[in-house]
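Chemist: Okay, here's what each chain looks like letter by letter:
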Amino acid sequence: MIAGISIYDILTLTSILFFIGVYGFFTRENLITVLMSVELILNASAVNFVLINTYLYPDLLQGAVFSIFIIALAAAETALAIAIIINLYKLIYSVEVKDTETMKY
Amino acid sequence: METIIFYILAAIIILFAVASVTSRKILRAVIYLLFVLIGIAGLYFLVDYNFLAAIQLTVYGGGIIVLFIFAVLLIHHVELELEKTALKKKLIAGALSAAGLAVTLWAISTYPFPVTDTYTSVEVADIGLLLLSYEDGGFILPFEVISVLLVAVMIGAIVIAKGKKLTENN
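So the protein lines, in turn, are chains A and B.
Just so we're aligned: 34 in numbering that gives the first Met the number 0 is position 35 of the first sequence, and the numbers increase by one with no gaps anywhere.
Just so we're aligned: 52 in numbering that gives the first Met the number 0 is position 53 of the second sequence, and the numbers increase by one with no gaps anywhere.
Think of the hints as simulated: they come from the structure by calculation, not from any bench.
C-beta atoms are modelled at their ideal positions from N, C-alpha and C, and glycine is treated no differently.
One should not assume that every hint holds.
Claimed, not checked - Listed next, the stretches of chain B that the computed footprint assigns to chain A, with coverage defined by at least 3 CB atoms under 8 Å from CB atoms of chain A:
(1) 2-9
(2) 93-106
What the hints assert, rightly or not - Computed Cβ-Cβ distance ranges for the label pairs, DEER-style:
(3) B:Leu90 with A:Tyr56: 34 to 44 Å
(4) B:Pro113 with A:Glu76: 32 to 42 Å
(5) A:Asp58 with B:Ala85: 48 to 58 Å
(6) A:Tyr88 with B:Asp116: 47 to 57 Å
(7) A:Ala2 with B:Gly93: 33 to 43 Å
(8) B:Arg27 with A:Gly3: 43 to 53 Å
(9) B:Glu80 with A:Ile91: 16 to 26 Å
Stated by the list, open to error - Pairs of lysine to aspartate or glutamate, EDC-like flavour, derived with a Cα cap of 20 Å:
(10) B:Lys24 with B:Glu82
(11) A:Lys97 with B:Glu82
(12) B:Lys88 with A:Glu28
(13) B:Lys89 with A:Glu95
(14) B:Lys83 with A:Glu95
(15) B:Lys83 with A:Glu28
(16) A:Lys89 with A:Glu100
(17) B:Lys89 with A:Glu28
(18) B:Lys161 with A:Glu76
(19) B:Lys24 with A:Glu28
(20) B:Lys24 with B:Glu80
(21) A:Lys97 with A:Glu28
(22) B:Lys88 with A:Glu95
(23) B:Lys87 with A:Glu95
(24) A:Lys89 with A:Glu28
(25) B:Lys83 with A:Asp98
(26) B:Lys87 with A:Glu28
(27) B:Lys88 with A:Glu76
(28) A:Lys97 with B:Glu80
All chains should be built: construct the whole structure from the sequences, respecting the hints.
Modeler: The structure is reproduced here in structure tokens:
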């Protein structure tokens, strides 16, 4: 644990980070920037897992393991989403959210 | 000392996160996201999870940011500015996020967390043993599932990114 910092400070920081990500997810109109907001949200939750583990159950490691799984899933999700975005750009020459209709079947 | 470092890291994380979701130059937004991720790696170092900090720096700072930069360079001009979001949309999104943040902060501040004062340092070997343990509470099955998932994602990304042009079919 961090000397002089309570768990409430850290949870406040990660909540602010999470909702900045939510704000970006609502306002951005480009698929790549929407994906970046999702990365912010995932990162905030991964930090929460690790820090709650450190503060409440210092002798266990489950939070760190879940955080590793979150990072692996985020990497997989980003790789796949960017592949889809590049393919979409080849199809319709745009990555704006409002132009994205081709994937509906 | 650690308190000061924590507040500096928190300021860096929040400032660059805001810059990352509001910047209209897309390549700059990616670089601001990189600073956020490095700040979070600093948080991991601060709580002594060196292995996670290293993963954060290599997978996020190394891999994902490079993927984003490649995607941006393949799709946009470097100097291209994004469209301005309508003020009404910004206000609604801001109000919704602020309301969610208020509810979350209220829930956090009223919940009595049973914080312990004991401290044990984390060894990389312990994490590795827990990931590969097949006894009660071991993580061998999710570990194997996630390796299969990563292979599937790799093949899927190659197949999807290769795709044919729609104009050739029409």
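Chemist: For each hint, tell me whether it holds in the structure or not.
Modeler: Here is how each hint holds up against the structure:
no. : hint                              : result
1   : 2-9                               : holds (count 3)
2   : 93-106                            : holds (count 8)
3   : B:Leu90 with A:Tyr56: 34 to 44 Å  : holds (41 Å)
4   : B:Pro113 with A:Glu76: 32 to 42 Å : holds (34 Å)
5   : A:Asp58 with B:Ala85: 48 to 58 Å  : holds (51 Å)
6   : A:Tyr88 with B:Asp116: 47 to 57 Å : holds (54 Å)
7   : A:Ala2 with B:Gly93: 33 to 43 Å   : holds (35 Å)
8   : B:Arg27 with A:Gly3: 43 to 53 Å   : violated (34 Å)
9   : B:Glu80 with A:Ile91: 16 to 26 Å  : holds (21 Å)
10  : B:Lys24 with B:Glu82              : holds (10 Å)
11  : A:Lys97 with B:Glu82              : holds (12 Å)
12  : B:Lys88 with A:Glu28              : holds (11 Å)
13  : B:Lys89 with A:Glu95              : holds (17 Å)
14  : B:Lys83 with A:Glu95              : holds (12 Å)
15  : B:Lys83 with A:Glu28              : holds (9 Å)
16  : A:Lys89 with A:Glu100             : holds (14 Å)
17  : B:Lys89 with A:Glu28              : holds (12 Å)
18  : B:Lys161 with A:Glu76             : holds (18 Å)
19  : B:Lys24 with A:Glu28              : holds (13 Å)
20  : B:Lys24 with B:Glu80              : holds (5 Å)
21  : A:Lys97 with A:Glu28              : holds (7 Å)
22  : B:Lys88 with A:Glu95              : holds (16 Å)
23  : B:Lys87 with A:Glu95              : holds (19 Å)
24  : A:Lys89 with A:Glu28              : holds (18 Å)
25  : B:Lys83 with A:Asp98              : holds (16 Å)
26  : B:Lys87 with A:Glu28              : holds (14 Å)
27  : B:Lys88 with A:Glu76              : violated (27 Å)
28  : A:Lys97 with B:Glu80              : holds (17 Å)
Violation of the numbered hints given earlier is confined to hints 8 and 27; the remaining hints are satisfied by the structure.
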